[in-house]
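Peer 1: Here's the letter readout for the chains.
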Amino acid sequence: MIALIAAEWSRLTGTRLWLWGLLAALGSGAFTGLLALIGPENFTPPMPGLDTAEGVHVVLGLLGFTMFVPALLGTAAVTTEHRHRTITTTALFAPRRWTWLVAKLLTYTGGGLAYGLIACTVAAGALFAAAALKGVALGLPTGTVLALLARIALAMAVHTLLGAAVGAILRNQVAALVAVGAYLYMIETVLMLIPGVKAVYPYLPGGATAALTGFTYLADAIAGQTGTSATALLSAPLGAAVLLAYALIATAVAVAAPLRRDIM
Amino acid sequence: MSIEARGLTKTFGPVSAVTDLTFRAVPGTVTGFLGPNGAGKTTTMRMMLGLVAPTSGTATIDGKRYADLARPSATVGAVLDGSGFHPAHTALRHLRIYSRMGGYSEARALRVAELTGVSAFADRATRTLSTGMRQRLNLATALLGDPHVLLLDEPGNGLDPEGIAWMRAFLRDLAAEGRTVLISSHVLGEIEQTADHVVVIRQGRLIATGPISELYGRTAVLVRSPQADRLRSHLTVPTEVLGPDTLRVHDMTTAQVATAAADRGIALHEIVPERPTLEQAFLNLTGDHR
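Chains as they are written, first to last, in the working numbering: chain A, 52 to 315; chain B, 480 to 769.
Since the hints were derived computationally from the structure, they do not count as laboratory data.
Since the model is a prediction, treat every value here as computed from it, not as a measurement.
We put the CB at the ideal spot given by N, CA and C, even for glycine.
Some residues of chain B that are not near chain A, with every Cβ distance over 10 angstroms (derived): (1) MET480; (2) ARG587; (3) GLY596; (4) ALA601; (5) GLU671; (6) GLN672; (7) THR718; (8) GLU719; (9) LEU721; (10) ARG727.
If you want a taste of the chain A side facing chain B, the calculated C-beta under 7 angstroms gives, among others: (11) ALA57; (12) ARG62; (13) HIS135; (14) ALA145; (15) ASP313.
One chain only, chain A, in its complex shape:
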């Protein structure tokens, strides 16, 4: 398994994908800093400032909104084997297919965690710097802010795994990227607009992530616009559990599905 992970790492670092990942991680962290610097009170529409708990939640929540980026990177990394037809050689060198599927998922989850840590470290630095520059005290204690950022980093790792798993199941790179991107960016939000379906939202990956990272603004805003009451999110530990369950199910399906498929 160590050899397979080393091979996978070598495969990843041999392309520019890791560089794009690094840039995206730095960029999304810096984006959070920029938002903090502008200040939520200057957004359109204006929101509570950084000196309130809601204001800090909004800024951090918008960082959580970039969760689809590591997910797409995971999808791209896994499907590249099918796109460039190296899958045949890989299956020859490790004919017990679950071994390299697990190695891939572990490698990219590790990559996703690195992505999350980089993005959140930059975001933390930028957030505190912005607050200091503006001379305001953050509306949440430092410990709480750091804990929220750590949860966002973990959620990013889980999203990378989910993206990679969808890639392993669908195989076609473009189809998998469109599916993951559309789901995370659009479909979940649309689901929240449907009165009956929104009851399940807390149990969807997006809802569970929002519970974990304490970002309720999206749900509240939609509730406000549609004039209905906001869907209550799960508690943070429960959200984490739901997210973990998704990760486990996705891993199981991604490892099991290709076992009996013919590789042509």
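Position chain B against the provided structure of chain A, taking the given hints into account.
Peer 2: Then chain B, alone, in the frame of chain A:
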């Protein structure tokens, strides 16, 4: 270590790609796996490597299914049509990735690169490689585990004459070391000078197998002699008169014809063994005569 197919069958929905195929490829020989495009060669090879699951029958290497081999890539090396490289990886990076997957040393990746001539373009991105270079890189990857068995699907595809000559000599050397080599091709000329043994399939079914010499069918001897008529009257085998001094003698070797002539004091001006080209034999076997 032999490669063996026994009753191998694969259907894709209503289409039968391979039907009840049974044959063996043995160590120390190059076995040519012949058939027109779409005959089922690639599907058969992919079943032997565990990439495609047979509908029925078995494909084994050294008596085991590929996935059950203790060290698959150290037992079997395969060059498959349609396997690719990540365009951004260098040739050496590609070798290193699979060297790691197989548990081989860094030195081994460099060694196979040298052996196959990949060293000359090791640091180039695979997207810039020519067909010949890609084929060498495929072969280098297959050799990482120093396997006893080699399966090559259409290795000559897209190679220039120099590349084909190199590949031919390389494979002959590998077989001479006692390895089992199975090469598929739809072009007989490619295999004619390399293979000792052939397996011919058409529409997924076996139609001929045996030493390549047997594929030629009946041989004949062309004889030119001023006393052609006298020679002909002494022979008991079928003959054809091609001209006033020229005969075609069937079912005798050149040595037998020359001895028969010498015994009777008949002068021979020319004696040539004549056999149908293998290409013709191949077309006869795989063509639409039923």
